[in-house]
Amino acid sequence: MLKYMIYILWILIFSSLTFLIITSKVSYSIKDLTITKKTANHINIEKENYANADYVNIENVNDVKIENLDKATNHTFIVNVTLENVGMKKYLEAKYSEFDIVYNEYVKKHNRIVAELLNPSSNLSELPKVVVVIPDMKTGYGNRLPGIVCGFLYSLITDRLFFIWGYNNFEDYYEKDFNHNWNVVINLYKNTTYRYMHYLNQYNDFQLVTRGNLSNEDISSHDILYVYTWDYACAPITSNPHYKKWFDKIIPDYKVFTTISLKLLRLHPNINKQIETFAEKNFSNYAIGIHLREKKLLDGMIIPVGHYSEVVNMLIIGMKNMNISIFVAADSNNGRTKLINSLRKAFNHHNNNSINIVYTEENLDSVNPVSLNPGSEVGALIDMKLLSLCDDLVITYSSSFGFIAAGWSQKASRQRGPFVIMPVKDLDSDLWLVDKIWMWGAMSSEPCMYLSKELIENEDEETVKTFKTNPLWMHFSQCHWYA
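Its first residue numbered 55, the sequence shown is counted upward by one per residue in the working numbering.
In case anyone wonders, no lab produced these hints; they're calculated from the structure.
Treat the hints with caution; some may be incorrect.
As the list claims (entries may be wrong) - No more than 27 Å apart at the CA atoms, straight line, and that leaves these computed lysine-lysine pairs for DSS-like:
(1) Lys230 / Lys317
(2) Lys399 / Lys507
(3) Lys162 / Lys299
(4) Lys507 / Lys350
(5) Lys350 / Lys163
(6) Lys183 / Lys303
(7) Lys507 / Lys298
Unchecked claim - Quick list of simulated restraints, FRET-style, between CB atoms:
(8) Met373 / Leu481: 53 to 61 Å
(9) Leu481 / Met368: 17 to 25 Å
(10) Thr246 / Met368: 17 to 25 Å
(11) Ser275 / Glu511: 41 to 49 Å
Using N, Cα and C, we set each Cβ at its ideal position, and we do this for glycine too.
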């Protein structure tokens with residue numbers, strides 16, 4: 055009788071839960087799930103493969119099946135649970151529901167206003183104010199996306215329309231919920247006023263971004279706010295006291311890039327299908343992604359390729375009888391081959407683990423004639439997104455490609471970011487320097503902000519002090535050379 059009463063009590067408590075662990079599209083068991091309070095404010099969980107778990111808000115618990123009730127004492131229950139048919143889509147809907155509302159409202163507003171602008175019989179009394187992002191199409195693929203995310207963020211918090219200028223084939227690579235091609239309305243803004251928020255390294259209004267009101271009288275007097283940057287230059291906005299309430303409600307975990315990019319930068323279905331097919335075929339229950347960047351070094355520095363294998367070795371300590379995938383991306387065919395050979399040599403046999411080293415067949419020795427980037431843009435986006443789907447990442451210092459991959463994914467829901475391999479000048483002597491860092495773990499998956507060093511060095515004391523209220527300011531400040 056007591057057993058059945060406990061079981062009924064468990065069902066009543068579980069049915070009221072608002073917290074559920076969502077992992078992947080496949081079903082598997084979770085052991086030792088302990089509910090410590092009636093309200094289930096926290097769930098302690100240890101999965102069979104010891105990977106990290108995420109806590110998300112879900113209303114529907116119909117997909118959960120209780121296999122057995124092992125033990126019950128007061129309000130503590132230890133059970134085995136199988137997650138059935140709980141996909142990543144539901145996870146994302148729960149994780150970013152507040153932002154989804156804001157995004158969907160913006161899309162409706164944008165489409166309505168642009169339709170009015172293009173209607174010859176429209177009676178709009180004045181042009182709507184806008185934010186226009188100018189991606190630098192001559193730089194690395196990873197350098198285009200931070201400015202787009204920053205510009206869209208500025209448009210949301212200033213109630214302006216958002217446009218992109220110069221990424222004319224955007225729709226070949228990404229889905230579009232609204233027409234943000236600046237060329238569609240540019241002729242209407244010929245005689246209007248404008249102001250640059252960011253202009254590469256030459257000008258960045260960090261005082262305004264960090265502690266100013268982006269809707270003040272001066273800013274509002276300009277019809278166009280331009281954002282022209284390679285950098286994640288909007289990172290200080292999360293320190294800005296004028297917008298603290300907005301972030302606390304809409305993006306409280308400081309995952310600004312992740313939150314926005316997962317909506318605004320969804321890959322075209324044709325590209326996404328290639329990614330899903332590759333991942334389903336080649337990724338096992340634990341995947342490590344590695345991005346080797348050799349062609350972006352200063353002062354003759356070199357990348358110790360063997361260090362990537364060392365980090366992988368640390369990541370799989372204690373793992374036995376596991377299926378492990380290592381996905382490799384690089385910036386040259388030779389670099390990719392060196393890395394693959396290094397990994398194969400290091401992990402030919404490892405605790406009976408099955409280790410599968412995989413990569414895409416992109417020809418990285420072909421060069422884009424405009425940007426001089428290796429390979430094709432489609433190939434780069436596929437590699438970047440596949441990296442983002444990995445459970446852990448090992449990337450190269452100062453490369454935006456790896457950090458964009460880290461943030462452009464649901465895997466970024468955990469606070470810890472990727473592991474970063476540092477370049478060295480000399481493999482024999484440089485490694486003996488006591489202050490030399492060979493590898494470190496990033497505090498966040500948010501992209502790098504290399505200009506944060508300029509902010510700290512050159513801005514006024516109050517701006518620097520405000521920027522440092524951001525718990526991620528150290529992360530932003532140490533992941534890149536000062537350009």
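Structure-based check of all given hints:
Our distance criterion of 27 Å between C-alpha atoms is met by Lys230 and Lys317, whose separation comes to about 10 Å. At most 27 Å may separate the alpha-carbon atoms for a hinted pair to count; Lys399 and Lys507 exceed this at roughly 39 Å. Our distance criterion of 27 Å between C-alpha atoms is met by Lys162 and Lys299, whose separation comes to about 24 Å. Pair hint Lys507 plus Lys350 holds up; C-alpha atoms about 19 Å apart against a cutoff of 27 Å.
About 42 Å separates the Cα atoms of Lys350 and Lys163, which puts this hinted pair outside 27 Å; it is violated. For the suggested pair Lys183 and Lys303, the alpha carbons sit about 25 Å apart, so the restraint of at most 27 Å is met. Of the supplied pair hints, the one linking Lys507 and Lys298 holds, its CA atoms being roughly 23 Å apart against a limit of 27 Å. Range check, Met373 to Leu481: about 29 Å between beta-carbon atoms, so the 53 to 61 Å window is missed.
At roughly 20 Å, the beta carbons of Leu481 and Met368 sit within the given window of 17 to 25 Å. Between Thr246 and Met368 the beta carbons are some 55 Å apart, a value that contradicts the proposed interval 17 to 25 Å. A C-beta distance of roughly 30 Å is found between Ser275 and Glu511, which places it outside the suggested range of 41 to 49 Å.
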